[in-house]
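Engineer: So the sequences go chain by chain: B and U. According to my numbering, the first sequence is numbered sequentially starting from 1. According to my numbering, the second sequence is numbered sequentially starting from 1001.
Any given hint could turn out to be false.
[Stated by the list, open to error] In silico lysine-lysine, DSS-like type, Cα no more than 27 Å apart, as pairs: (1) U:Lys1170 to B:Lys134; (2) B:Lys134 to U:Lys1057; (3) B:Lys166 to U:Lys1195.
[Unchecked claim] For each label pair, taking beta carbons as the anchor points, the in silico distance ranges come out as: (4) U:Leu1014 to B:Gly154: 42 to 48 Å; (5) U:Val1282 to B:Glu55: 53 to 59 Å; (6) B:Arg268 to U:Gly1083: 48 to 54 Å; (7) U:Pro1180 to B:Arg98: 48 to 54 Å; (8) U:Glu1060 to B:Asn110: 33 to 39 Å; (9) B:Glu8 to U:Gly1047: 56 to 62 Å.
Don't read these hints as lab results, they were simulated from the structure. For clarity, every value in this text was computed on a predicted model and none was experimentally measured. Virtual Cβ for every residue (Gly too), placed ideally from N, Cα, C.
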Amino acid sequence: MASCSDKELEIKSAVLRLALLKYIKNANAGHTGGDLSCIDILNVLYNDVLNVSPENFNDPGRDRYIQSKGHAVEALYVVLASKGFFPESDLETIGRYRSHYVGHPTRHVNGIEFNTGALGHGLSISAGIALAGKMDNMNYRVFTLLGDGELAEGSNWEAAMFASHKRLDNLVAILDHNTLQITGRTAEVCNPCPIDEKFRAFGWVVTHVDGHDIKDLRSVLRSVPFVTGKPTLIIADTIKGKGVSFMENVVKWHHGVPDDGQYKAAVRELELRIKELDDKTA
Amino acid sequence: MPQGNVNMEITDKLTTGRPNLEVYSETLSAMAAENSDLLVVTSDSRGSGKLVPFAQKYPEQIVETGIAEQNLVGISAGLASCGKTVFATSPACFLATRSLEQIKNDVAYSDYPVNLVGISAGVSYGALGSTHHSIHDIAALRAVNNIIIVAPADNHETLMAVRAAAASNKPFYLRFGKKPMPDLYDEGAGFDIGKATVLTDGDDIAFIAFGEAVAPAYEAAQLLYREGVGARVISMHTLKPLDNEAVIRAALECKAVITVEEHSIFGGLGEASAAVLMEEGVAVPFRRVGIPDEYTVTGSQSDIFRHYGITAGGLYESALRILKSQLKD
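Please take these sequences and the hints and turn them into a complete structure.
Structural biologist: Written out as structure tokens, the structure reads:
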């Protein structure tokens, strides 16, 4: 898959969007807006960056991905299914009685490293894994996905301080900077900005990327770490609900589930997007 | 069931051992010599944890997080997920409740075998006051699934519990006080996680205790023995899983049961034991000795123990009182 073209990955993103909407609709629950804002990041990570697969998932040298913003689990589920960690049909059981497919990641699901979803945990866990890698002279990298609303959790800043103190350049935090949270605009709830200056002050290297531009994401995510001895923060500017026009930048889609008409409209829009991309490729 | 020094002369004065924390630190050093994956993680707590000698001997095997207990537990979980044998060591008052969500999710729910070590537990910090007391840790952690909770009473239990935790692939919470503890076991005695130890046998009164509250119960048993009252002293070192059978046998074979704990009487050993007996349908005169629903009086650990009756004399009186009230009935 490492040889995929940008266009192929763009098509894949649209296919993954269709899949996650399908399973959210089926479960009648899910964090739709955040799933759609981070799906391009996950697509590029798993198909172009991470050295992790069902075959090497128990290999101590594998790259690690810790999804700190665990609520966007449907995005992670469809990506893991597409990579063959489990049959996609398992996702029909999301949220059902006794299903392993819970509304936040758990290790009962193949491919998931930690049970996350309580915010402010992933960066500390990732720092621990990165430190173990340094101690053991392993070359793996640790990627974690944070939400911008999540930055209000103080434990992130404990971990940020520790990671630079320990010179964990094998640690990469990606911020899904969609600027919305359940109550409204993150800047109005409790403004975390300027995020870049804060992390730089904590000793991190910070860069920005368009979180929906496959080419940009590939280029940035493949070139970390940028500075030896420093952890990296990639601020991915994203749009909550991206890819379904009526969901984009609308707070209620944080965990909104489309009704039948909305679902059909979303599917139509994404199928059209795939067709356009196909046509361009042809 | 493992036995303590049941056969020792009950009137013997207990010999004073060392603080359990010193034994903890020494045991870690001994294990670190054979296991380079053994790590101690501290939150500016190596001094209180008696870990300075360990840090000097194995500087590559101690990880300092600074004063950041939530981060300490998350980092420890990350390290454990990579195969490290981790002893996350921090004052019990901060570790068990400030980091409770990390313990619940990153360690217990994610099922990584971090050994969480709560130091200076209970009211060990004495006059530093209630901010520094951990009389809620057992209550908080008993409600978390997938964690083994052990509070050693003496040096022997400490050594055995630390080794058992290191060898286990399950999350542990180990709870230590600060002061030198008397030796309650004969040399070479056994010790099993989850199996209480009967330190003295008797069938008039049973004291069920854990941690630093076991020694006063043992001394109370000596005083009672002189009065012709047989006291069974049970070290319930493992709070979870609780040795239900030891509790039930004590209630069936003794005339009354007193639980003794350096912990709130809410959510601790007393309530746990009472629940076991209720569900088993065993009715016995029963009393909980521990910290009532209040912020503790000011004073040293000994002062606080005396105030709440966690002393040889206090427990002696509690035992006689409960036995007399039973006779009246």
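Engineer: All the hints need checking, so say for each whether the structure fits it.
Structural biologist: These are the hints, each one checked on the structure:
| no. | hint | in the structure |
| --- | --- | --- |
| 1 | U:Lys1170 to B:Lys134 | holds (25 Å) |
| 2 | B:Lys134 to U:Lys1057 | holds (20 Å) |
| 3 | B:Lys166 to U:Lys1195 | violated (42 Å) |
| 4 | U:Leu1014 to B:Gly154: 42 to 48 Å | holds (46 Å) |
| 5 | U:Val1282 to B:Glu55: 53 to 59 Å | holds (55 Å) |
| 6 | B:Arg268 to U:Gly1083: 48 to 54 Å | holds (49 Å) |
| 7 | U:Pro1180 to B:Arg98: 48 to 54 Å | holds (51 Å) |
| 8 | U:Glu1060 to B:Asn110: 33 to 39 Å | holds (34 Å) |
| 9 | B:Glu8 to U:Gly1047: 56 to 62 Å | holds (58 Å) |
The structure is inconsistent with hint 3 alone, although it conforms to all the rest.
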